[in-house]
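Residue numbers (the numbering used here), protein chains in the order written: chain L, 1 to 117; chain E, 1 to 114.
No lab work stands behind these hints, which were simulated from the structure alone. A quick note: this is a predicted structure, and the numbers were derived from the prediction, not measured. Among the hints, erroneous ones may be present.
Taking lysine-lysine pairs in the DSS-like style, the calculated list, with each CA pair at most 25 Å apart, reads [as the list claims (entries may be wrong)]:
id: 1; chain 1: E; residue 1: K17; chain 2: L; residue 2: K44
id: 2; chain 1: E; residue 1: K71; chain 2: E; residue 2: K113
id: 3; chain 1: E; residue 1: K113; chain 2: L; residue 2: K44
id: 4; chain 1: L; residue 1: K44; chain 2: L; residue 2: K62
id: 5; chain 1: E; residue 1: K3; chain 2: E; residue 2: K113
id: 6; chain 1: L; residue 1: K27; chain 2: L; residue 2: K71
id: 7; chain 1: L; residue 1: K62; chain 2: E; residue 2: K57
id: 8; chain 1: E; residue 1: K71; chain 2: E; residue 2: K57
id: 9; chain 1: E; residue 1: K113; chain 2: E; residue 2: K55
Here are some chain L residues the structure puts well away from chain E; computed CB gaps all over 12 Å [to be verified]:
id: 10; residue: R13
id: 11; residue: G59
id: 12; residue: Q80
id: 13; residue: D86
id: 14; residue: R113
Where is the CB? At the ideal position from N, CA and C, for every residue including glycine.
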Amino acid sequence: NAGVMQNPRHLVRRRGQEARLRCSPMKGHSHVYWYRQLPEEGLKFMVYLQKENIIDESGMPKERFSAEFPKEGPSILRIQQVVRGDSAAYFCASSLRNSGRGTDTQYFGPGTRLTVL
Amino acid sequence: SQKIEQNSEALNIQEGKTATLTCNYTNYSPAYLQWYRQDPGRGPVFLLLIRENEKEKRKERLKVTFDTTLKQSLFHITASQPADSATYLCALEKGSGNTGKLIFGQGTTLQVKP
């Protein structure tokens with residue numbers, strides 16, 4: 001059973017360009033979470049999605065950032081008009097189900113390292 | 001305000017000794033707490049989950065305790081090995097359940113010397 005897959009592993013963009021990060025959850029998992037890790041900082045929650053629904057986007061910047069998890073295909077985190085401060089590692093995690101009171105482990109992908117020049 | 005704190009200083013120990021890492025939190029009432037391991041350039045790897053009604057949990061050489069009165073979790077690695085060198089993260093679920101939103105501490109880096 002393949003784990004969580006993310007691509008690309010490394011992404012370089014110039015200021016003002018768009019960055020698209022992809023995440024394929026583990027087989028059978030319908031819950032996806034995106035986190036950002038800035039250099040020397042901890043992981044910060046960005047958004048929680050189920051298939052075709054955004055459940056919680058309270059950690060995502062209001063502008064330039066968007067996320068989706070379509071019925072078919074991977075989850076996409078999209079950053080428009082990137083700035084240098086967006087440089088970070090972006091991790092995706094998936095879980096089997098969220099059954100309440102936090103009983104579902106989140107399994108993380110290897111991350112995408114975004115560098116904005 | 002809500003905080004999760006882990007010792008930001010690296011922990012250096014000798015091979016074979018027990019490593020003890022601390023996770024303190026304030027203004028949370030988590031239903032459970034998780035510990036993850038993260039190696040440089042990689043994603044976190046789940047290690048253990050302990051629930052609020054559990055005092056202690058073990059998995060091979062790992063032991064986690066959870067004291068909801070002290071608002072503290074301790075993570076122990078017994079008979080430590082150089083391969084245990086990594087950053088260890090604790091995480092709580094934010095909210096009263098079913099949110100899926102994990103809040104992470106900043107991690108403690110463990111270095112086990114042969």
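Going down the list of hints, with the structure as the test:
| no. | hint | verdict |
| --- | --- | --- |
| 1 | K17(E) / K44(L) | violated (32 Å) |
| 2 | K71(E) / K113(E) | violated (31 Å) |
| 3 | K113(E) / K44(L) | violated (31 Å) |
| 4 | K44(L) / K62(L) | holds (15 Å) |
| 5 | K3(E) / K113(E) | violated (31 Å) |
| 6 | K27(L) / K71(L) | holds (14 Å) |
| 7 | K62(L) / K57(E) | violated (40 Å) |
| 8 | K71(E) / K57(E) | holds (16 Å) |
| 9 | K113(E) / K55(E) | violated (30 Å) |
| 10 | R13 | holds (19 Å) |
| 11 | G59 | violated (7 Å) |
| 12 | Q80 | holds (24 Å) |
| 13 | D86 | holds (19 Å) |
| 14 | R113 | violated (8 Å) |
The earlier numbered hints that this structure contradicts are 1, 2, 3, 5, 7, 9, 11, 14.
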